[in-house]
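Starting from the known structure of chain C, arrange chains R, G, B, H and W on it as the hints suggest.
Residue numbers (my numbering), protein chains in the order written: chain C, 18 to 356; chain R, 18 to 356; chain G, 18 to 356; chain B, 18 to 356; chain H, 18 to 356; chain W, 18 to 356.
Heads up, some of the hints might be wrong.
Since copy identity is lost for identical chains, a pair holds within one copy or between any two.
Derived EDC-like pairs (lysine to aspartate or glutamate); straight-line CA-CA distance at most 16 Å [claimed, not checked]:
#1 Lys173 / Asp143
#2 Lys131 / Glu203
#3 Lys191 / Asp134
#4 Lys191 / Glu158
#5 Lys131 / Glu33
#6 Lys43 / Glu33
#7 Lys196 / Asp134
#8 Lys117 / Asp136
#9 Lys139 / Glu33
#10 Lys173 / Asp136
#11 Lys187 / Asp100
#12 Lys172 / Asp206
#13 Lys19 / Asp91
#14 Lys117 / Glu341
#15 Lys117 / Glu340
#16 Lys172 / Asp138
In short, the hints are calculated from the structure, not lab data.
Residues per chain, in single letters:
There are 6 protein chains.
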Amino acid sequence: MKVITFGELMLRLAPEGYYRFTQVDKFGATFGGGEANVAVSLANYGIDVAFVSKIVANPIGDAAVNSLRRYGVDTSLITRGGDRLGIYYLEKGASQRPSKVVYDRAHSSIAEAKQEDFDWDKIFKDVDFFHFTGITPALGENVADITLRACQEAKKRNITISCDLNYRKKLWSKEQANKTMSELAEYIDVVIANEEDAADVFNIHSTASDVTKGELNKEGYIEVAQKLTEKFGFKKVAITLRESISANDNRWSAMLYTDGKAYFSRTYNMHIVDRVGGGDSFGGGLIYSLLMGFDPQKTIEFAVGASCLKHSIEGDYNLVSVEEVLSLIGGNASGRVQR
Amino acid sequence: MKVITFGELMLRLAPEGYYRFTQVDKFGATFGGGEANVAVSLANYGIDVAFVSKIVANPIGDAAVNSLRRYGVDTSLITRGGDRLGIYYLEKGASQRPSKVVYDRAHSSIAEAKQEDFDWDKIFKDVDFFHFTGITPALGENVADITLRACQEAKKRNITISCDLNYRKKLWSKEQANKTMSELAEYIDVVIANEEDAADVFNIHSTASDVTKGELNKEGYIEVAQKLTEKFGFKKVAITLRESISANDNRWSAMLYTDGKAYFSRTYNMHIVDRVGGGDSFGGGLIYSLLMGFDPQKTIEFAVGASCLKHSIEGDYNLVSVEEVLSLIGGNASGRVQR
Amino acid sequence: MKVITFGELMLRLAPEGYYRFTQVDKFGATFGGGEANVAVSLANYGIDVAFVSKIVANPIGDAAVNSLRRYGVDTSLITRGGDRLGIYYLEKGASQRPSKVVYDRAHSSIAEAKQEDFDWDKIFKDVDFFHFTGITPALGENVADITLRACQEAKKRNITISCDLNYRKKLWSKEQANKTMSELAEYIDVVIANEEDAADVFNIHSTASDVTKGELNKEGYIEVAQKLTEKFGFKKVAITLRESISANDNRWSAMLYTDGKAYFSRTYNMHIVDRVGGGDSFGGGLIYSLLMGFDPQKTIEFAVGASCLKHSIEGDYNLVSVEEVLSLIGGNASGRVQR
Amino acid sequence: MKVITFGELMLRLAPEGYYRFTQVDKFGATFGGGEANVAVSLANYGIDVAFVSKIVANPIGDAAVNSLRRYGVDTSLITRGGDRLGIYYLEKGASQRPSKVVYDRAHSSIAEAKQEDFDWDKIFKDVDFFHFTGITPALGENVADITLRACQEAKKRNITISCDLNYRKKLWSKEQANKTMSELAEYIDVVIANEEDAADVFNIHSTASDVTKGELNKEGYIEVAQKLTEKFGFKKVAITLRESISANDNRWSAMLYTDGKAYFSRTYNMHIVDRVGGGDSFGGGLIYSLLMGFDPQKTIEFAVGASCLKHSIEGDYNLVSVEEVLSLIGGNASGRVQR
Amino acid sequence: MKVITFGELMLRLAPEGYYRFTQVDKFGATFGGGEANVAVSLANYGIDVAFVSKIVANPIGDAAVNSLRRYGVDTSLITRGGDRLGIYYLEKGASQRPSKVVYDRAHSSIAEAKQEDFDWDKIFKDVDFFHFTGITPALGENVADITLRACQEAKKRNITISCDLNYRKKLWSKEQANKTMSELAEYIDVVIANEEDAADVFNIHSTASDVTKGELNKEGYIEVAQKLTEKFGFKKVAITLRESISANDNRWSAMLYTDGKAYFSRTYNMHIVDRVGGGDSFGGGLIYSLLMGFDPQKTIEFAVGASCLKHSIEGDYNLVSVEEVLSLIGGNASGRVQR
Amino acid sequence: MKVITFGELMLRLAPEGYYRFTQVDKFGATFGGGEANVAVSLANYGIDVAFVSKIVANPIGDAAVNSLRRYGVDTSLITRGGDRLGIYYLEKGASQRPSKVVYDRAHSSIAEAKQEDFDWDKIFKDVDFFHFTGITPALGENVADITLRACQEAKKRNITISCDLNYRKKLWSKEQANKTMSELAEYIDVVIANEEDAADVFNIHSTASDVTKGELNKEGYIEVAQKLTEKFGFKKVAITLRESISANDNRWSAMLYTDGKAYFSRTYNMHIVDRVGGGDSFGGGLIYSLLMGFDPQKTIEFAVGASCLKHSIEGDYNLVSVEEVLSLIGGNASGRVQR
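In isolation and in its complexed conformation, chain C is listed as follows (with noise of 0.2 Å):
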């Protein structure tokens, strides 16, 4: 089984603990990026699995490929050339106080990336399954172009895709986002999304569910998940179901709808460490799910399980193993500790 992630990645720097950005003369430097925090989730889950990207030939570059060469992903397909790496400064916040995300991701490899810089014969050989979100075709036309080529060489070779919506609006507005994405929906198997980007991105509203209030509305998640059915002919839609109670923390839940039904995981009191990669999180642990063949009660709870465990994690990547994420869906969330 082998799977590709395509997008992004990008130079995260963010100030240590909850210092502000103004306060601190040094800056924690990662990396992550929605496609490549997937590869990392799952090249932890044992699974075969390249990013492809475009990054530049530079030190910084290398450092990036590094960061993801170091838990055992396939960066042999990525592109090296460019201008620039992408990067976002991340403030981490407390309390009432909001995190703070400002991009500087103009003019990056990917961002100014060709077809030409990409050989789907070579990225597709024995590929299983196919992962990119809504970020990377926003990054330009060009990026939407390559991203539909992909989906074509993909869907020719008979590889699952999956896509999370996650909406930008700093990248986009929702009338491009809207054209675009619709146009990509058809090459799509598996969409995840949650419930503001299936409004932004396809227009597609429930009834009732306030997010800024943090109060769920199980109703309406079902009905957005079968008008995107519907309309898109996905085969599964998986919804994240997050409620704010303060940046520290989180009630997290998800429902995965599947053949006409829905299925909806346990939720999680979360105290949150670093929130920042949670929905990618979700992600890999739907796709390695997918990939196992788990039922859709059990997928849904390993998918929210896994992202549950990232919460408490460091950095954008998940850094949990399969035992971890069992062990928690299994019931051991007392979080007493292991000798």
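Below, chains R, G, B, H and W alone, put in the same frame as chain C:
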């Protein structure tokens, strides 16, 4: 609009995280002090504010001055000279273990300052607002006299005067405080206190409420504010209400009493990053609101929202913008990531 | 009054904060071990206490010895020699992710010590109290024999003996533990355990209570204490009661059973800084209370208060004073800043 | 006396100590840039100096501005806006391994600034001295045009203009540099260069001296200065002379050519802490000397002494006082402790 | 071209900077070991290289494996299992104070490995070069036997074998070393040593040169190489020549003896950042040169240049590229900033 | 053999590495002071040594005491009480930039101590050697009186007395020093000084040698020692000879004058890690040699070797063993790694 704050700026030496004094071989070295903290708050809100003090003319004093300059406070009115910079050592508490402050502030330059160190004609040129705290006159009789002189000079120029009572039992007795503060009270327009301060300094008590139990008694606070107003003729009395669940978790709200009416803010359940400077950030928010002419309810909400955010920030200084405070008091308290 | 504790002191290597082992390039390097932790507790309470062990004669061993000396533990009775200092790697858990301990303690100097390494005449000169844990005899048959000899020598001199059962499944089987500990039990006056220990070591079970669910069963604990007392003739049985909400939040209390009566402490809701050494700090508090002759209720309150505070402190050692514990058990649990 | 410096301020991201880019997970995050560095030098000497640039209006830009404000540079004339803050990554070399700079400065706010971003009437009010470097016009034709405009406006007001040639081959070709700098040269009173700059920018060569061999050729430098003076009519030409023994050890001196005479400074054997900003600190010292009206020999000694000290200081900014420079050039170079 | 290196990978625990073991509460935690260091060198030069060993299957072992994977070493042939990862503690010396290494490597997984842990058919598939050091057989008779087996299997497949003698007196006696290494010598094509190694392991002495005095005796080295060649039939003998001025300053050069002729490299005056791994980086450079078919003079220059650069890099691993080594040996040793 | 040292222990606050005071937001927080430094030296050599002082009874004072206890100094004779712990801020110099010390030691507990704070009967029980420095009597007339009393009490008991002159111009004038030290001199057996001290304190000058030029004048030192001996009847005079090349590089040697003869040590070229405490470590080595009865040449070599090593160690305390010093003075100064 120009504001002057007057008081002591100290070096704050604190072990990182939750380490105890006796465990570490490094101290975080930042700066803070009641009136300096208010000045930084105001500078962050875009107000033209100068901090007035006497600070030792050596590199440690330079660093103290730079810490204010960095955040936009005018430091050109600070007198340089004297023997030393006052110090406070801070050990952050956790759970049932309280935070601990060890003072080493005696003999600081400001504590040994003289009347001639300050040229109030120059300092109060074009000034609208003057702020100090009860800590300043407590530094010594000389400083109490200087403070009295400052109040008289301010009053002559129709400058509004605010004072945060901030009773410190290690600096003076209740009797000393009562005598000195009663004399200063006649110049003060806006007084900031917590219930204990009013009792400690002015021997004014409410009927109920035991702070160590973390219970609130709204009627009691109104009663205290009424008595203060009656006795000293304050135009506004602001009382902060802290309920301490543990060193990590506090509830936080406040009351503004003005024109015979009491306005209570909403209450925040705070997960604390750094509690020191919490009261000062309230003062900063209150003064800003008064300068902006906010109505009483918005005034108290802004002041409490500002200080709520301070509790999520490391160090004495409150590094938040007007926009961030307005967003919080506008209802956005869920701590969701801002991208 | 003089106390001896006997056991292993290890190097503790731990990533900072909540980082995982595989993320970091630095380990916090401190020292700890059940009986050494108790010794530090007692030294902080002003008790004359010596730690007895065998520690490698190289700079790493020197650093281990220094760590005790620093906090006032008498280290002059430690035998220096052997091959290595045992190590334990600690990864702090958060939320649903449990803390993880990886042991690398085999072949340590104490694990390979011999009878002739210890001169009990010298060690027990003028000693009143002797403490060890179930970990020490589990280090090997040689160490079990040395421990037996120590108990015999102590008994000869009318020294009170306490033992914290502390069952470690990675060190020995339940059968081995039962055999060895049963033999040692006849010398023990005060036994400390949690419900699991009693079951694991002595096969003594209560009727109800499932620790993984975080529920308490007071009757069950009394039952266990009674059975232990009946079987081994312990003078006092202390059982700690931990309810694990998550890796960050625990509830903590304990019971002292003596003279046929059970005394339960109040329960603390703890926000955890460092959970390791929590049980040892209970032992330290208990021994202090016994040495001071506190009544049973104050004894158990002091022991639980002391260990509650330990959970707010980084590292194995409990660095609190008698005054701090008394303040907490006197009702001051709100964590308000002490100026 | 007031000075304006105009150019780019960048975020400097650098591994600590001598670590390579690919080894670390933290970057020191400070700020620097040729003209900003000169401004900080001057502020430390007590000169009223403002830095002019365009800086992005986000918290990263705020931190950049604060870094200047902290050291007393007037930042009120900075235009806020645009897309991003330029970055340079710095890896400090050691012994035979050279320091490495990776630029990521394209598309910064200043690189995409427009004429209307700067109000020269306001900027040059009461100004005596204007400084920029050859890096600024190299940022793009738009910035070259703005720089030309600045020179014209300065000249109109009889403001003395200095320029450090600072040729950067990654920013423009020698041909572009020659064309643009020749046009600007007619406005420049004081030019600062090293031998390579004169060759690279103006195609002016001396007969001997090969910098990679670390040999000096005094006659050659005089020759270059003469030719520059003849060709462009500069009033003063200052040439820095660096002999690189290794990344840790450099020899450092300079020559000032004025009124047809050359003045050489003493030479310092420097053990380097941070070499970046070394040339800028020379510029800062030179401008200070000119403002003070030092004689030519003292001028060049002050500039070289100031930059010698800079090499012992971390970061781009030269944080030394006039007294420290005077002490050094007065002969106190033994590094004895000052108590 | 594929290379295998075989040996032990250890956890390296080192105080930061020049701190002593007993001063710190943090250890830098990186990984290293003779053959692993060579593997990383080769991976950085773009060579396909796998490291073979047995490493404990716990998170500490995972981190060790990741450290190689990060820099591109193939780790898929490592056997996972056994009891522990070997450790070495390193205290960096300065000036007259020597660096200090404390080993805690007994009972590591590789030291207790068995023949059946390694499948040489799989390991040596398509391999051209095999490298080990004298440390590996010194780990125990079992490991000496495995190493012998590896040499036999390699020889069968016409794989070139290199060995760095690396005598460690704490691991075995000269007699044991002589016996075992003499047996292995018959398989070795390329031997790397310093003068002491040849004397310690093979009892081969030159006439002059006392390493503690820092004097070189070129004739003596040639003599040693001749004797080694005569006795064991090595094809190439490389001898490194370290002159230790102080812990901070060393002179460094080497000799390659091949086909009856000796080739001496230039000598570098190195200001040392981290001396550990210096010899291994020489081995890495030598093997690279041999694989590339460089002529003898370029071979020894590359190997010495590579290891010269290593001395400027923190950690065991030599993180330099072919381009950087070529630039140095091409004459660019002045350490000038590369922009 | 038991030694008492008497003086002040201060908190040392120092930026890491070569950062300036105004750059950092953390200070290394260690402890030091002339006589405490000597005590730690002696404890490391295995001597039974107690430090006597008055130290404030708060957690900062606890940490100071612990710092001595950690390295084996007996702290049981320290009086706890008073107002504060003295502080010195240290900025490490580099190259031509000198280290800078800012004192904040006034009003410390020892500086305000009284005769009754010290029970010399108890302190001097079974003591052989008493050491203090000229800093102690300089703290104030009260402390000078206490020091005189200590000398008288010591002399009564035939305790050998040593004193390091250590003139500090910020503490007293040359006149004050002369008066007080001359009175104390009659009790002193062994005096330690540098040439400046003798001139500053006793107005004793040699004919030549200018320390700022880094030249030595052996005859001058002998002359000074002779004059000191003649005037005060010292049994031994030790003079340290520092030649300061730069803040990084010093030459270091010393002379012992006894029984009318001068013994010069070898000279070390030191690359400095931390120069503070260099003189104290000389005193520690000298006292150790005297206690051991080394001959004069070995005495001065041991003292100089010990202090040479101190310059390679961070912090005030000299953390070296007898073996390390003996190895160095035995000729092993090449800094080769010890495995």
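* Broken hints, by number -> 2, 3, 5, 7, 8 and 9
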